[in-house]
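**Student:** Here is how the chains run, residue by residue.
Number of protein chains: 2
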Amino acid sequence: MAIKFEIIKKSKKTKARLGKLLTPHGVIDTPVFMPVGTKATVKAMTPRELEQLNINMILSNSYHLYLKPGHELIAQAGGLHQYMAWNGSILTDSGGFQIFSLGKLNKISDEGVFFNSHIDGSKHFINPEKAMEIQMALGSDIAMAFDECSPYPAGKFQVETAARRTLQWARKCKEVHTNSKQSLFGIVQGGMYRDLRIQNARNLVELDFPGYAIGGLSVGEPKPLMYEVLDYTVPCLPMEKPRYLMGVGAPQSILEGVIRGVDMFDCVLPTRNARNGSIFTSSGKISITNSKYKNDLTPLDSKCNCYTCQNFTKAYLRHLYMSKEILSSILGTIHNLYFMALLMKNIRIAIQQDRILQYKETFLSNFLD
Amino acid sequence: MAIKFEIIKKSKKTKARLGKLLTPHGVIDTPVFMPVGTKATVKAMTPRELEQLNINMILSNSYHLYLKPGHELIAQAGGLHQYMAWNGSILTDSGGFQIFSLGKLNKISDEGVFFNSHIDGSKHFINPEKAMEIQMALGSDIAMAFDECSPYPAGKFQVETAARRTLQWARKCKEVHTNSKQSLFGIVQGGMYRDLRIQNARNLVELDFPGYAIGGLSVGEPKPLMYEVLDYTVPCLPMEKPRYLMGVGAPQSILEGVIRGVDMFDCVLPTRNARNGSIFTSSGKISITNSKYKNDLTPLDSKCNCYTCQNFTKAYLRHLYMSKEILSSILGTIHNLYFMALLMKNIRIAIQQDRILQYKETFLSNFLD
Numbered sequence: 007m008a009i010k011f012e013i014i015k016k017s018k019k020t021k022a023r024l025g026k027l028l029t030p031h032g033v034i035d036t037p038v039f040m041p042v043g044t045k046a047t048v049k050a051m052t053p054r055e056l057e058q059l060n061i062n063m064i065l066s067n068s069y070h071l072y073l074k075p076g077h078e079l080i081a082q083a084g085g086l087h088q089y090m091a092w093n094g095s096i097l098t099d100s101g102g103f104q105i106f107s108l109g110k111l112n113k114i115s116d117e118g119v120f121f122n123s124h125i126d127g128s129k130h131f132i133n134p135e136k137a138m139e140i141q142m143a144l145g146s147d148i149a150m151a152f153d154e155c156s157p158y159p160a161g162k163f164q165v166e167t168a169a170r171r172t173l174q175w176a177r178k179c180k181e182v183h184t185n186s187k188q189s190l191f192g193i194v195q196g197g198m199y200r201d202l203r204i205q206n207a208r209n210l211v212e213l214d215f216p217g218y219a220i221g222g223l224s225v226g227e228p229k230p231l232m233y234e235v236l237d238y239t240v241p242c243l244p245m246e247k248p249r250y251l252m253g254v255g256a257p258q259s260i261l262e263g264v265i266r267g268v269d270m271f272d273c274v275l276p277t278r279n280a281r282n283g284s285i286f287t288s289s290g291k292i293s294i295t296n297s298k299y300k301n302d303l304t305p306l307d308s309k310c311n312c313y314t315c316q317n318f319t320k321a322y323l324r325h326l327y328m329s330k331e332i333l334s335s336i337l338g339t340i341h342n343l344y345f346m347a348l349l350m351k352n353i354r355i356a357i358q359q360d361r362i363l364q365y366k367e368t369f370l371s372n373f374l375d
Numbered sequence: 007m008a009i010k011f012e013i014i015k016k017s018k019k020t021k022a023r024l025g026k027l028l029t030p031h032g033v034i035d036t037p038v039f040m041p042v043g044t045k046a047t048v049k050a051m052t053p054r055e056l057e058q059l060n061i062n063m064i065l066s067n068s069y070h071l072y073l074k075p076g077h078e079l080i081a082q083a084g085g086l087h088q089y090m091a092w093n094g095s096i097l098t099d100s101g102g103f104q105i106f107s108l109g110k111l112n113k114i115s116d117e118g119v120f121f122n123s124h125i126d127g128s129k130h131f132i133n134p135e136k137a138m139e140i141q142m143a144l145g146s147d148i149a150m151a152f153d154e155c156s157p158y159p160a161g162k163f164q165v166e167t168a169a170r171r172t173l174q175w176a177r178k179c180k181e182v183h184t185n186s187k188q189s190l191f192g193i194v195q196g197g198m199y200r201d202l203r204i205q206n207a208r209n210l211v212e213l214d215f216p217g218y219a220i221g222g223l224s225v226g227e228p229k230p231l232m233y234e235v236l237d238y239t240v241p242c243l244p245m246e247k248p249r250y251l252m253g254v255g256a257p258q259s260i261l262e263g264v265i266r267g268v269d270m271f272d273c274v275l276p277t278r279n280a281r282n283g284s285i286f287t288s289s290g291k292i293s294i295t296n297s298k299y300k301n302d303l304t305p306l307d308s309k310c311n312c313y314t315c316q317n318f319t320k321a322y323l324r325h326l327y328m329s330k331e332i333l334s335s336i337l338g339t340i341h342n343l344y345f346m347a348l349l350m351k352n353i354r355i356a357i358q359q360d361r362i363l364q365y366k367e368t369f370l371s372n373f374l375d
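Each protein sequence line maps, in turn, to chains A and B.
Take the first sequence: its letter number 164 is residue 170 in this note's numbering, and every next letter is one higher.
Take the second sequence: its letter number 89 is residue 95 in this note's numbering, and every next letter is one higher.
It is possible that part of the hints are untrue.
Unchecked claim - Simulated coverage check for chain B against chain A, where a stretch passes if three residues somewhere in it have a Cβ under 8 Å from a Cβ of chain A:
(1) 45-52
(2) 89-102
(3) 241-248
In case anyone wonders, no lab produced these hints; they're calculated from the structure.
These numbers come from a predicted model, not from an experiment.
Here a beta-carbon is modelled for each residue, glycine too, at the ideal position from N, C-alpha and C.
Work the whole structure out from these sequences, hints included.
**Tutor:** Below you can see the structure in the form of structure tokens.
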């Protein structure tokens, strides 16, 4: 098997776990947050900048890479790692989520999905076989089974059909996935329906994937509902395998996920926010373009040791953002990703010291959204 | 005096010189090319990225910084070096060129210039006193006297008036410039008129500035005409003082300037080109968005040791440019600035070894524009 997962420590009062995920491209301490490199680049970051931020695992999107530049070219280049000069670990999603959220759908059936590209309207068909072909060509460390993600809200029949299809497709993906250096994770669907989630999880577990994702969350539902779904879904997944909550990256939600036993997270939030001037600080999010920072000669976060905070003031950063300078995105992204990496490190330390609940409480009492 | 200039070696067959410019922020080997950081940032570069490129001197624009964020704020921040976290040397222009090229002019007289901001139309007045106030507040290592730059083409009366005013303003600038840590350079104007250039240069030399710039070139005139102006203007400047050719950055023109005795250059060309996908290579400029590079898995320049060429292929870079990814500007700028830094280093080595003419010939025979 391409990955190995070791649990180092289990929290006593919560379901949180401290782990090590061994991949062909390095060892990842979990819980981990994976920044998103949609089009084979974490926006505004060079790979060496990411390394300096102690980031060692990212996510990239099969849907986008399939459309541009094409997975065949990336395979010719030696795979995604070499193509984008990233020596850390990569998880690729299956493309399912983007097909349903970005593509113009033509027809979904048990066989697969016909859709039109969001870029040029060109026609495409993706089924489990194709999703595996794409991800095997990309050569990511972890590939995801092709799934159908239900929107929120959605009626039970629709969600049930999607969950059934997801299971059927997962089986097919496993069958055709032949890249021994890549691990294939299953994705649990079932919307906000307890019985569907539990059934889907159990069925997937029977297929014995090396890891499991919880998909179909963070799609517009209230946060308490997402946590409720985690409450009954995570316990259905095997204790010894990594669990990945897809598309979740708000610090509060990560903490809630961790105490429910989630090991892996990804989200565009910290990088997208950074480009829009929305900055994470230990006391919450700030909008750096606010005129109150015009003459503020203090750093974004006086407690932060990132390159941005060690060298630049709010006044300077605001000037960069107001002038739409590229450096604004670079420095904002460095800061937000440093913040996320530090959050995850603190979470891991707190699990190690068996005080994750206290850490969560302290963090949230300071961090005002 | 804030700067010191030492000539290490003079070329035998040309007027080229190898020098060292000692500034309050480090020693600059000349001939030097200064990348432009218009709004207190060299576009797409962090200061540490510039340092890694062995760049130790940049130019920044007084006009832009005066309008946004304002020179007073920068002074409060401890000066431009601290504001933008740049520990290398900085030369600021006087604002004259931008007022004439970007601002909407209201009235020019011997007293100064009334103009409207190109950003919001607000009314401003800049005279020599104000130009000095701004640059002293910025605290650059080298400040430039306030000048009137004539367009090309321009009639003799117009150019003569501008040259006379430039001389008069230079005198005033010198009078009111009181920052002992900053050196003030004079600027020679006179358009494409030999007698005006020579007269203006001689008059300025009498004022005994620590360095001299040649302004009003690279404003649209044919290149041979620019070289002709250099041919008769440079010899009027003191041998022992640095000479700076403003706004010139094309590799060919730098070489022509160097053999005519110029020590310093600046231009937005390498950084602006980089953002547009126009890349310098040892065999000339290429446009990386050209479809012929779609599947090209070789680096931009196989002879180049920059971070971009050591890690990324043309196919990947083209994908970034086509996708308008920020990383395209970062990697393109790294490459183009590395190219310029290497060009200047090779020029200095060639002067040292007294083979600058051969170097120029070899370079130009390979570098097709």
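**Student:** Which numbered hints does this structure break?
**Tutor:** 3
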